[in-house]
Structures are given as structure tokens and as C-alpha cells.
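2 protein chains.
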Amino acid sequence: MRDVAIIGVGMNKWGELWQKSLRDIFVESALLAIQDAGVDRIDSMYVGCMTSGLFIGQEHLSSLLADYLGVGSIPSVRVESACASGGLAVRMGFMDVASGMSDIVLVGGVEKMTDVSGDGATYALSTAADQEYEVYHGITFPGLYALMARNHMDRYGTTREQLAQVAVKNHENGSKNPLAQFPHKITAEQVINSIMVADPLTILDCSPITDGAACAVLCPATMAEKISKKPPVKIIGTGNATDTIALHSRSDLTTLNATVKAAERAYQMAGVKPDDIDLAEVHDCFTIAEIIITEDLGFFKKGEGGKAVERGLTALEGQKPINTSGGLKSKGHPVGATGVAQVVEVVHQLRGEAEKRQVKDAKIGLTQNMGGSGGSAVVHIMQKM
Amino acid sequence: MRDVAIIGVGMNKWGELWQKSLRDIFVESALLAIQDAGVDRIDSMYVGCMTSGLFIGQEHLSSLLADYLGVGSIPSVRVESACASGGLAVRMGFMDVASGMSDIVLVGGVEKMTDVSGDGATYALSTAADQEYEVYHGITFPGLYALMARNHMDRYGTTREQLAQVAVKNHENGSKNPLAQFPHKITAEQVINSIMVADPLTILDCSPITDGAACAVLCPATMAEKISKKPPVKIIGTGNATDTIALHSRSDLTTLNATVKAAERAYQMAGVKPDDIDLAEVHDCFTIAEIIITEDLGFFKKGEGGKAVERGLTALEGQKPINTSGGLKSKGHPVGATGVAQVVEVVHQLRGEAEKRQVKDAKIGLTQNMGGSGGSAVVHIMQKM
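Chains as they are written, first to last, in our numbering: chain A, 38 to 422; chain B, 38 to 422.
It should be emphasised that the hints constitute simulated quantities derived from the structure, not laboratory data. Keep in mind it's a predicted model, so treat the numbers as computed, not measured. Quick reminder that beta carbons are idealized off the backbone N, C-alpha and C, glycines included. None of the hints are false.
Below, in silico cross-link-like pairs of lysine to any residue (SDA-like), each with a Cα-Cα straight-line distance of 20 Å or less:
| id | chain 1 | residue 1 | chain 2 | residue 2 |
| --- | --- | --- | --- | --- |
| 1 | B | K57 | A | E169 |
| 2 | A | K57 | B | E169 |
| 3 | A | K57 | B | Y170 |
| 4 | A | K271 | B | S136 |
| 5 | A | K57 | B | Y173 |
| 6 | B | K57 | A | Y173 |
| 7 | B | K57 | A | Y170 |
| 8 | B | K271 | A | S136 |
| 9 | A | K50 | A | K222 |
| 10 | A | K339 | A | P311 |
| 11 | B | K57 | B | A158 |
| 12 | B | K271 | A | G137 |
| 13 | A | K271 | B | G137 |
Facing chain A, from chain B, some residues (calculated, C-beta under 10 Å):
| id | residue |
| --- | --- |
| 14 | M82 |
| 15 | S89 |
| 16 | G94 |
| 17 | R115 |
| 18 | S118 |
| 19 | A119 |
| 20 | L125 |
| 21 | M129 |
| 22 | M132 |
| 23 | M138 |
| 24 | Y173 |
| 25 | G408 |
| 26 | G409 |
| 27 | V415 |
Here chain B is said to cover these stretches of chain A; the calculated rule only asks that three of the stretch's residues, wherever they fall, bring their Cβ under 8 Å from a Cβ of chain B:
| id | region |
| --- | --- |
| 28 | 94 to 102 |
| 29 | 166 to 180 |
| 30 | 278 to 289 |
| 31 | 403 to 413 |
Chain A extracted, bound-state conformation (with noise of 0.2 Å):
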């Protein structure tokens, strides 16, 4: 397998975009990122969108976005791993490059969810839960959160506090990001007392519906030497699991299987460990979410997540900064999007070009993206080269 580096980088400025369309948002992230690589063409792409036919009545993706990107004919994919659709798409556009079957490929994700047609947003994400044995009951996603909060808040006595600061930190970080839906800072007393969703999770504890797309270019790591303008990064890790779809069929509601595997995975591939990762972007798509899964990804002992943000461990300043972008909390949570954003965020941060939000002596960093209820996952490990 060839080494794969990232050249490249892009992505809109997220938000309720109602004057562009799903095309309009990706083309726009796309030449975003081929202007950074400051390459002449792409010689294959993959796209990662979770929901298009719900969300807009469009799937074929592959055809739509290499058409409207003007690329040709090139080959083109579109994959989908539910809010894990992005972290798919550079994963096979890694596997590409690896395989030596092209050399620069374009990876990006979209999602545009505001103007949704049909049953609405919940049901178009509701279709990431297993339908015939969640979803027809009547839960919705906040309700399986807030099933794995209360679980982790009984187990390792958790608080409602700490559940907050999460919010709070990835509001601070957000509030530094230019690109953010919303750039605002909060506070822990206005999470807890906005409008409630699902005991214990109220809104300003979930990632919102946003219009977003992220593009990344890659190629191979001998040929980034010659052509990258900027300094490439390499991809020294990555990894992929699943675990079961529905909630109700795990052993245990405080860990994120899947996590844990793609993890394992893409830190025996790069060869390092948790302690050696400067600084993560991770899937917190509720509050409880990112506190498992800084725990699941061996940043923190199992039940010692929600103490190291109150600790401020995971600020921008802290031992391990998580979500230094603002996370899908406050930047937004184009699901197929979220992926390759987290890359893209990374990506600045190892350059140094993180501006506000930039953590010192960056050298590795991590991305962790996730399906439904935690059924799937992706890791990617990168280092400066």
C-alpha cells in the first residue's frame, strides 16, 4: 500500500442556506479544496451524504456533484454510513490512493437539511436507528442519548453540570471559528435551562440541523512532497467498525463498541497510542456523546469523561483539547458532512493555520465519526509530515 497524504482542504460557511442547494454547497466546498491542493484535475471522488432522497429527493450523487463539478467522466462514489458518511468517504478515497488505482482523489461529504420535503428532519435521521424495532416504537434519536446519559450518569455518577460544559467548551471553541452555523458562546445555566428534548437533554445539549459541505484532496505521500503547496499531512491511521444498530441489543449503553474497534484499528495502523494524539475531533452529536467517547477512545479511564471537561481537560488550552473547530455542537451538523469536516479542521490545526483556535506544537491528530447510535464508526489518525 502507498502512503496517503491530504493536500488539500475546503469547506462553506454552514448555516440555513436557503439560497443554495445541495450542488451549490458542494461544488463551492470542493473548489475550496482544490484551489488549497492547487491541483489541475481529480481522477476519482467520493462523496459521503447520509439522507439526500429523504432530505431532497435526490440520491445519485455520484453522477449529480461530478457533473456539476465539471470533472468529466471520472469514476465517482457516493457512500453512506448514516452521520458516519463522511469519515467513509475519505476512508475510501485513503483505500484508493493505498491501492495505487488513482492519485489524486477528491473525498468530501454534504447535507442540506433545512429544506426538507416529505416527513421532516427527525424522520429522515430517525432512518439511522433500526426502524422496525426503534423507530416504529415511537424513539428518536434525542431519546437514545439521553438513554446512554442516564445509563452513564447512574453508572459513573455523571452530571447534569458536566453534560453542560461540554456544550459550553465546544461554544467557546465555535465562537473562534469563522465558518461555524452558530459562533456564539453559552453558558452552562442556559443549556440546563433551555427547552428540554429528552430527559436529561435539553436542546443546547444537541447538534442542529444544518446546510454544510467539507472537501478534502489526497494523493499519494511521495507525490505531496512535489506538488503540495502547503504542508501535507499524512494519514497514518484508519479504521472502520460496526456494532449493533439498535440500542436495545447492546451489552452495555456507556460505551460506544464500534469506537472502540475502529479506534483500536487505526492506532494499531498509525503505531501510536491515546497519549501520543494532540488534539481530536470527535462526534458530538449530544452532549453525552463526546464524554463516552473521549473515555472510548482512551483519552480518559471509562467514567472519567464528564470530570475532565469540568476540568477543562478538553479546552483549547487543556492536555487534550477535543472539538477545537466547535464540534458538531456549535459549527453545525450537516450529517454526511460532519466527517470530512473534522479532517479539514485537523488538517488547519497540523499546519498551523488554526488561527484563534490553534493549539500549540500540533503534531497528530484524530477524527471520530459516528452512525446513528453509535452503530458505526471511523477513526482516522494524521500527522504532520
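With chain A fixed as given, assemble chain B onto it according to the hints.
Then chain B, alone, in the frame of chain A:
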């Protein structure tokens, strides 16, 4: 890159399967393929599915199907390129094995179309076209292919009778396939006199709505020689290409550019020419499609596809047997499964297991799978090892 072989194939009996859900038919087919291969583990899996979100309100098949197949926490990916989703799943599995990332890979396709929720099957399928510029104005797939048919008839003198002969031939072949949805012979008179859908295409020019799945097991060719119970089949060429998603953006409606390009890439990789192909499974979603595709694959000169079927050249005993399985027309067209089922048929033919449909001395077979009105295409070339 490592050479890749197919060591097992399986598919369920296709049809209107009211008693079985998507997960049931996928697992049924996957277990048949795993049994056929004689393996006791799967390292990763790829599933092609077009729009389970719109058909049954279920995305996240990567997790759902790995879960129900009981293969633990393995990496799992769902790919989508409209009706070419199955072909892409095979291509991704090929890349995974070729790259050295995985050894034993399950590739499959599935679609559960009959018990459709929401706005119905025609709407769900229309999401493979350009929603904003085609579908919102009222056209659906029979109409798009009818435009191609009229253009081909006007330019090359292709006749209504020749279109009907494609359906007659494929039902003749399908009558010998016990897994086909409609294993019944039909006459040209029946085709021409059946209900008009979009002039000149009647309902018997159109492939049906089908529930079905198909799977294959891939591994490195060197491993196949050691572990395969049955004669392994090598994938010697793979090609994927895209075209404009909308028909009105093309300069010529009588050729499918993505198919031309995907075939060029596959022929080049395999080092073979159209004349070397002993049999092919092609994407006869409508009768006109088979005529255009057999020209675009280089089997016949442009404009000669209609005459070729009329002369029996594409029949089971002809010089270039096309769709020996019955094709989409008679075997059925569960959209995401079709591309994998084409590979299942070619493997059976190359192994000499196709019983009443067996093509004599078949050594090299080709599959051509496409999405929408040809906006994407995947071509594979396989050879007996």
C-alpha cells in the same frame, strides 16, 4: 495491487416478497454466497443499495446488515450510485482486496421495493434523475428512456419490433432461471400490445419492481487457489465512469457516455477487446437500453444493436449471448442488487454451472451496470482462472 478472485456467489429467489424484510433477503443471499465460498470469516463488507431510505425508511445499512449477518464489528460500507449501486459495491470490494487492506470481503446488493412507504416507487426511483431540472417538470424514467428510444429509431431506423425482441429474448433466457421474478416466455406481439407507458415503450419493455438481493465473496487470487472449493473467477478489469445526470445536458441521446468510458477503462485494465467477451450481462432497465449498451460496449457498430437482437446474435446460442440470466427484464430489477446479480450470473457461466442457460466454452464474461439515465456506469470483466 493484488489480483482479486471471486470464490462464492449467492442470491435469493427474486419477486414480490411480502413475507420478508430487506434484512432477511440480504442475509439469505449473503449466507448462500458464504456457503458457496466455504469461508468461515468475513473481513469487511460492501453493500449496494439505491434508496432504502425512501423505500422502507431505513438508511445505515452498513451497521444493520453487518449486525443481522452476525459478522461482529467488521468494517462495513454502503455505496450508492442509483441502479449502479451493486456494481460499485463489487468495485469497492475489489479495491479493498487489491489494496491489501482486507483478505476476505463480502460484496452485496439489496433493494426492497414492493412495500414502499411515502410517495411510492416511481417517486423513489425518480431520485436517480436530476430532481431540480428533470423530475420537478414531470418526467420519470420510462419517459427519459422513451426519448432515447425515439432518437435511436429516428437516427438508425431501429424498429418497434426490435425493441420487443429484447424483451422476448430476455424472457426466453429468464424462463430457464429458477431465481427469476418472471420466468415466463413472452411474444413480441404481447410486448407491443401491452399497456403503453411512455411511447414507444409499453409495460413489457420495462423492467419490473422487485424485492431481491445478491452477494459475492472476494479474496486475493493467490488465496483463492488455496481455499476455493469451486473454480475461482478472476476480476481482470474494473471501470467506473460518470456522465451528466440530466439527459438534456448531453449532445447525443443515442449513446451512453459513462458506459463507453467505464468499458474503455475495464477493457484496458483487462487487456481484452469486445471480441474476446464470451457473454455479457447488461443493464436492460428498458429494452432500448440493451440495444444502446451493446453498441456502446463495442459488441456491435453504433446503430446496429437493434438488428443484432433481431438476427439472434445476442440469443443464448448466438455469437454474443447477452443477459443469459434473463436480465433486469425477466429476472427482475431490485435496483441496488442488480449489479451484483450480474456478477453472480457470469460466475455461474464461467464455472459451467448455468444449467439450461449455459453458454458453451465461456471463458471471459462482462457485466455492465448503470445508474439513472446513464449518469453513472460500472463495468467488470471476469475470467476463469
